[in-house]
Amino acid sequence: MASPDQALQSQERRRQTLVESLRHRYAAAQSRQDPLAKQGLFKEAVYLNILPGEFTDPA
Numbered sequence: 371m372a373s374p375d376q377a378l379q380s381q382e383r384r385r386q387t388l389v390e391s392l393r394h395r396y397a398a399a400q401s402r403q404d405p406l407a408k409q410g411l412f413k414e415a416v417y418l419n420i421l422p423g424e425f426t427d428p429a
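Here my numbering is used: position 31 in the sequence shown is 401, and no number is missing along the way.
Be careful, since some hints might not be right.
Taking CB as the label site, the calculated pair distances span [stated by the list, open to error]:
no. : residue 1 : residue 2 : range
1   : F412      : R383      : 15 to 25 Å
2   : Q403      : A372      : 23 to 33 Å
3   : F412      : Q386      : 10 to 20 Å
4   : P428      : T387      : 17 to 27 Å
5   : L406      : L378      : 29 to 39 Å
6   : Q403      : Q379      : 33 to 43 Å
7   : S401      : P374      : 33 to 43 Å
8   : L378      : Q409      : 24 to 34 Å
9   : N419      : P374      : 18 to 28 Å
10  : F412      : R384      : 35 to 45 Å
11  : R385      : P428      : 12 to 22 Å
12  : A407      : P374      : 32 to 42 Å
13  : Q403      : Q376      : 37 to 47 Å
If you are wondering where the hints come from, they were derived from the structure by calculation, not from laboratory data. Note that beta-carbon positions come from the ideal geometry of N, C-alpha and C, so glycine has one too.
With the hints as constraints, model all of the structure from the sequences given.
Okay, here's the thing in C-alpha cells:
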C-alpha cells in the first residue's frame, strides 16, 4: 500500500498532467479560433476542479 506521501505525489503528478493536457488543447483551440472547443475545456476544468488561469496563462 502506498504511503500518504506517495499518494499525495501521485495525485500531484496526475493533476499536473491534466493541467498540461488542458493547456495544450487550449492553445490548439486558440490557434483554430474555436470558441466551442475552449468552452468545452472550461467545462472540463470546472469538473476537474482546475482554475482556468492554470491552463490559459502562459507557462
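Comparing the hints with the structure gives:
| no. | hint | result |
| --- | --- | --- |
| 1 | F412 <-> R383: 15 to 25 Å | holds (23 Å) |
| 2 | Q403 <-> A372: 23 to 33 Å | violated (43 Å) |
| 3 | F412 <-> Q386: 10 to 20 Å | holds (19 Å) |
| 4 | P428 <-> T387: 17 to 27 Å | holds (19 Å) |
| 5 | L406 <-> L378: 29 to 39 Å | holds (36 Å) |
| 6 | Q403 <-> Q379: 33 to 43 Å | holds (38 Å) |
| 7 | S401 <-> P374: 33 to 43 Å | holds (41 Å) |
| 8 | L378 <-> Q409: 24 to 34 Å | holds (32 Å) |
| 9 | N419 <-> P374: 18 to 28 Å | holds (20 Å) |
| 10 | F412 <-> R384: 35 to 45 Å | violated (20 Å) |
| 11 | R385 <-> P428: 12 to 22 Å | holds (19 Å) |
| 12 | A407 <-> P374: 32 to 42 Å | holds (38 Å) |
| 13 | Q403 <-> Q376: 37 to 47 Å | holds (43 Å) |
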